[in-house]
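Peer 1: Go ahead and model the full structure; you've got the sequences and the hints to work with.
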Amino acid sequence: MSLQLDADGRLRHFLTTEGLPRALLTHILDTAESFSGVIGKSVKKVPLLRGRTVINLFFESSTRTRTTFELAAKRLSADVLNVNVATTTIKGESLVDMLHNLEAMQADMFVVRHAESGAAEYIARHVQPGVAVLNAGDGWHAHPTQAMLDVFTIRRHKGAFEPLTVSIVGDIRHSRVARSQIHALNALGTGEVRVVAPRTLLPRDVEGLGVRVHHDLDSGLRDADVVIGLRLQRERMQGALLPSESEYYRRYGLSEARLAVAHPEAIVMHPGPINRGVEIDSDLADGPRSVILEQVTNGIAVRMAVMSLVLGVAPESTPEAT
Amino acid sequence: MSLQLDADGRLRHFLTTEGLPRALLTHILDTAESFSGVIGKSVKKVPLLRGRTVINLFFESSTRTRTTFELAAKRLSADVLNVNVATTTIKGESLVDMLHNLEAMQADMFVVRHAESGAAEYIARHVQPGVAVLNAGDGWHAHPTQAMLDVFTIRRHKGAFEPLTVSIVGDIRHSRVARSQIHALNALGTGEVRVVAPRTLLPRDVEGLGVRVHHDLDSGLRDADVVIGLRLQRERMQGALLPSESEYYRRYGLSEARLAVAHPEAIVMHPGPINRGVEIDSDLADGPRSVILEQVTNGIAVRMAVMSLVLGVAPESTPEAT
Amino acid sequence: MSLQLDADGRLRHFLTTEGLPRALLTHILDTAESFSGVIGKSVKKVPLLRGRTVINLFFESSTRTRTTFELAAKRLSADVLNVNVATTTIKGESLVDMLHNLEAMQADMFVVRHAESGAAEYIARHVQPGVAVLNAGDGWHAHPTQAMLDVFTIRRHKGAFEPLTVSIVGDIRHSRVARSQIHALNALGTGEVRVVAPRTLLPRDVEGLGVRVHHDLDSGLRDADVVIGLRLQRERMQGALLPSESEYYRRYGLSEARLAVAHPEAIVMHPGPINRGVEIDSDLADGPRSVILEQVTNGIAVRMAVMSLVLGVAPESTPEAT
Chain P
9 MSLQLDADGR LRHFLTTEGL PRALLTHILD TAESFSGVIG KSVKKVPLLR
59 GRTVINLFFE SSTRTRTTFE LAAKRLSADV LNVNVATTTI KGESLVDMLH
109 NLEAMQADMF VVRHAESGAA EYIARHVQPG VAVLNAGDGW HAHPTQAMLD
159 VFTIRRHKGA FEPLTVSIVG DIRHSRVARS QIHALNALGT GEVRVVAPRT
209 LLPRDVEGLG VRVHHDLDSG LRDADVVIGL RLQRERMQGA LLPSESEYYR
259 RYGLSEARLA VAHPEAIVMH PGPINRGVEI DSDLADGPRS VILEQVTNGI
309 AVRMAVMSLV LGVAPESTPE AT
Chain E
9 MSLQLDADGR LRHFLTTEGL PRALLTHILD TAESFSGVIG KSVKKVPLLR
59 GRTVINLFFE SSTRTRTTFE LAAKRLSADV LNVNVATTTI KGESLVDMLH
109 NLEAMQADMF VVRHAESGAA EYIARHVQPG VAVLNAGDGW HAHPTQAMLD
159 VFTIRRHKGA FEPLTVSIVG DIRHSRVARS QIHALNALGT GEVRVVAPRT
209 LLPRDVEGLG VRVHHDLDSG LRDADVVIGL RLQRERMQGA LLPSESEYYR
259 RYGLSEARLA VAHPEAIVMH PGPINRGVEI DSDLADGPRS VILEQVTNGI
309 AVRMAVMSLV LGVAPESTPE AT
Chain W
9 MSLQLDADGR LRHFLTTEGL PRALLTHILD TAESFSGVIG KSVKKVPLLR
59 GRTVINLFFE SSTRTRTTFE LAAKRLSADV LNVNVATTTI KGESLVDMLH
109 NLEAMQADMF VVRHAESGAA EYIARHVQPG VAVLNAGDGW HAHPTQAMLD
159 VFTIRRHKGA FEPLTVSIVG DIRHSRVARS QIHALNALGT GEVRVVAPRT
209 LLPRDVEGLG VRVHHDLDSG LRDADVVIGL RLQRERMQGA LLPSESEYYR
259 RYGLSEARLA VAHPEAIVMH PGPINRGVEI DSDLADGPRS VILEQVTNGI
309 AVRMAVMSLV LGVAPESTPE AT
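Chains as they are written, first to last, in our numbering: chain P, 9 to 330; chain E, 9 to 330; chain W, 9 to 330.
One or more hints might be untrue.
Which copy is meant is left open, so a pair is good if it fits within one copy or across any two.
[Stated by the list, open to error] Here are the simulated DMTMM-like pairs of lysine to aspartate or glutamate, each with C-alpha atoms no more than 20 Å apart in a straight line: (1) Lys166 / Glu200; (2) Lys53 / Asp38; (3) Lys166 / Glu41; (4) Lys53 / Glu111; (5) Lys49 / Glu111; (6) Lys53 / Glu41.
Source of the hints: derived by calculation from the structure; they are not laboratory data. Bear in mind the structure is a predicted one, so any value in this text is a computation, not a measurement.
Peer 2: Written out as structure tokens, the structure reads:
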């Protein structure tokens with residue numbers, strides 16, 4: 009954890025939301041707020057990362073995620089290089105040699121995506137001082153920028169976190185997004201964080217995450233201020249962890265009707281891409297409660313914030329200043 | 009058609025040359041003329057699209073076409089993202105969701121290439137106001153920037169369109185380029201537009217396109233001021249639509265000798281890449297009549313013009329101002 | 009050879025180190041020295057190639073090499089296009105047509121990588137005046153920017169070349185790097201250049217290269233100031249040119265112990281990526297003698313130097329000025 013922070017408590021890498029102090033998370037959100045004005049303007053660029061080199065180091069292909077980091081970096085005026093790596097194992101001398109080579113080309117930041125949990129942390133342990141590592145998703149472990157754009161979106165709509173009830177619905181077990189959301193929401197003081205899922209889709213250590221567990225959707229959504237649906241990975245079906253898609257939808261699918269028990273002004277979120285009619289109904293995804301596309305827009309500002317903070321060039325770069 | 013124009017008659021998308029008024033086509037050509045000076049200079053950049061994001065959305069791979077749009081966008085100082093999509097069907101919710109996601113990342117323009125006719129128009133119907141769509145080739149339907157670079161090249165060499173006879177030779181039936189050329193040439197008042205092809209390579213509605221049909225190359229080229237050869241898609245051979253390559257060359261292949269019946273100062277064009285010795289002979293392609301490489305150079309200026317016009321940032325952005 | 013120089017002796021293309029005058033090589037090194045300051049700064053960009061278009065024309069995929077050229081070009085503020093070509097044969101009209109098309113798009117420079125010897129030179133013979141060609145590796149023939157970054161690294165550590173003994177160890181026969189190094193080292197007046205390899209890994213014309221041949225590692229390394237290990241292409245094993253990997257390591261593998269006979273301050277170099285435990289031991293690769301990662305960093309400055317020199321925009325662009 010302290011791997012992420014320097015001696016003065018400043019963000020050095022961004023690997024997980026777990027263990028980060030509330031002041032730092034708030035500082036990321038405030039910095040993102042300052043960039044979200046930039047995004048609205050017709051000229052969407054600021055020169056904070058001019059002359060810096062960001063390398064998207066993707067061991068697992070994801071056009072969608074790569075695109076958001078690439079856009080964020082370009083709007084900060086960085087040079088961006090996409091390096092797709094076809095190796096499956098993260099550990100080993102050849103990976104470290106590759107890293108050292110890329111660092112020797114004066115890379116300033118690696119954005120790492122990998123199917124193995126712990127990959128970004130492993131890389132952060134091996135880079136030189138001054139080189140930052142951002143986790144763009146590692147196995148089932150963490151996807152911290154996604155979680156930060158989620159809490160950013162919640163704060164924009166709801167203000168303070170203390171009075172809120174947030175329900176996360178779906179495959180918690182295999183979701184790095186859910187884990188990162190839970191850590192961030194708790195650190196920010198959210199009143200109640202719930203997870204709603206069948207037993208087969210919950211992690212074993214779920215009790216230790218600081219959440220209330222619901223197996224029934226109606227009880228799980230009751231009076232919720234924020235409802236977050238997770239993407240259902242269809243390949244889990246074969247693992248016998250799930251009933252059929254239609255059975256899943258009947259029990260856990262989000263729709264305008266099922267949201268009737270939630271707070272009247274509840275918002276609905278989803279990390280995307282959505283499976284319409286499986287984990288969420290179109291009437292909800294495209295309706296007035298949905299902030300799903302806002303999440304995408306906010307993702308650019310949040311990634312700009314994290315990128316400028318880890319390189320120490322954010323508009324105001326000490327948490328104290330916030 | 010009106011999908012392309014806003015209430016004031018300004019270009020909003022560029023999907024087809026069909027139905028566009030002459031004043032607008034002329035305005036595109038004039039704007040391209042202003043950029044062709046930029047291209048000649050050693051510093052070939054202008055800041056008109058600085059901070060704007062152009063997404064090349066290619067459902068069909070084409071390095072050549074992608075490259076010309078990417079260069080045009082970069083010379084306007086835009087940020088360019090290449091997104092290759094492997095889906096085969098254009099319609100459906102998942103495509104629209106993908107579009108809305110890319111828009112939420114604050115894309116300003118989509119350059120769309122697709123094997124299905126109507127794809128760019130479908131996308132233009134689904135984007136938010138303020139986002140522009142350029143058609144970079146859709147099925148057999150249209151390739152409007154190619155047509156505009158062709159008429160730009162003709163105007164540079166011949167001036168007014170009224171006195172001209174333009175002969176388009178080859179596989180008209182499967183050519184989106186030919187359709188777009190015919191619409192543009194007619195809208196610009198070209199004296200006579202001819203198509204020269206065997207019956208099997210003509211579309212059924214050829215009479216309605218406003219062209220004179222020739223099946224014989226000598227009569228088709230007689231007194232022509234401009235001769236445009238089309239690329240022969242060799243895969244058509246197997247469809248029994250064509251005789252052998254050598255038979256095709258004997259009947260329709262363009263060469264210096266066959267051009268003897270054309271106007272002495274006739275120019276020769278081709279959208280490229282050429283099949284030497286099939287639809288065109290090297291003596292003609294590399295000879296003084298050929299403006300084939302000029303077409304490529306002009307393509308950058310024409311694409312810069314269309315890109316800056318649809319975003320309302322062209323040097324003088326109202327047709328009246330011309 | 010004169011293909012590389014214009015009438016005034018200025019660099020026009022960079023295809024091989026063979027036959028280049030010492031003053032020109034020194035001028036490249038001096039120019040690189042001026043850029044290596046730029047690289048160290050947090051803003052690593054200079055505007056020398058602003059508005060210029062560099063096309064990476066790779067007929068053979070190499071992420072590593074492409075990345076270094078792309079970074080060098082971006083740090084000079086050029087626009088960079090990556091074009092991967094899947095054809096296997098370099099010669100022929102379709103290649104020349106493709107080149108002329110890319111030139112017509114106002115490309116200023118081609119960086120060419122090809123599996124066939126002579127490819128970059130072939131392309132340089134066919135481009136228009138004003139368009140520069142850089143060889144990024146052609147077959148077994150040459151890899152001149154790699155050789156220049158090697159001599160740059162040697163000069164930084166050792167100063168003058170005259171008193172030096174440089175030993176190149178490994179598969180000389182199949183190494184374009186070794187050939188380019190030998191030509192550069194000899195032109196720069198290096199005291200003694202040795203190659204150390206079994207007979208099967210030496211080229212037939214080795215005597216004509218101006219080197220001393222050693223088959224024994226101990227004699228080859230004795231009193232050497234610079235030791236360069238080459239990458240062992242494991243696929244050569246099957247060609248019966250090599251014994252087993254362990255046998256190779258026993259006879260030619262570089263290690264701290266084997267370096268005992270070299271000069272006490274000898275440095276160790278390798279073009280990368282290294283095969284640990286095959287041609288080099290980790291104790292040496294990661295030890296104080298190793299300058300392997302410095303070579304990578306220097307590669308950016310050297311490529312910036314060559315790129316700005318061939319386009320005539322280097323800080324001081326005449327050899328005389330040095």
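Peer 1: Please go over all the hints and tell whether each is borne out by the structure.
Peer 2: Evaluated hints:
no.: 1; hint: Lys166 / Glu200; verdict: within (14 Å within a copy, 66 Å between copies)
no.: 2; hint: Lys53 / Asp38; verdict: within (18 Å within a copy, 30 Å between copies)
no.: 3; hint: Lys166 / Glu41; verdict: within (15 Å within a copy, 52 Å between copies)
no.: 4; hint: Lys53 / Glu111; verdict: between (26 Å within a copy, 17 Å between copies)
no.: 5; hint: Lys49 / Glu111; verdict: between (34 Å within a copy, 15 Å between copies)
no.: 6; hint: Lys53 / Glu41; verdict: within (15 Å within a copy, 29 Å between copies)
Of the hints listed earlier, there is not a single one the structure fails to meet.
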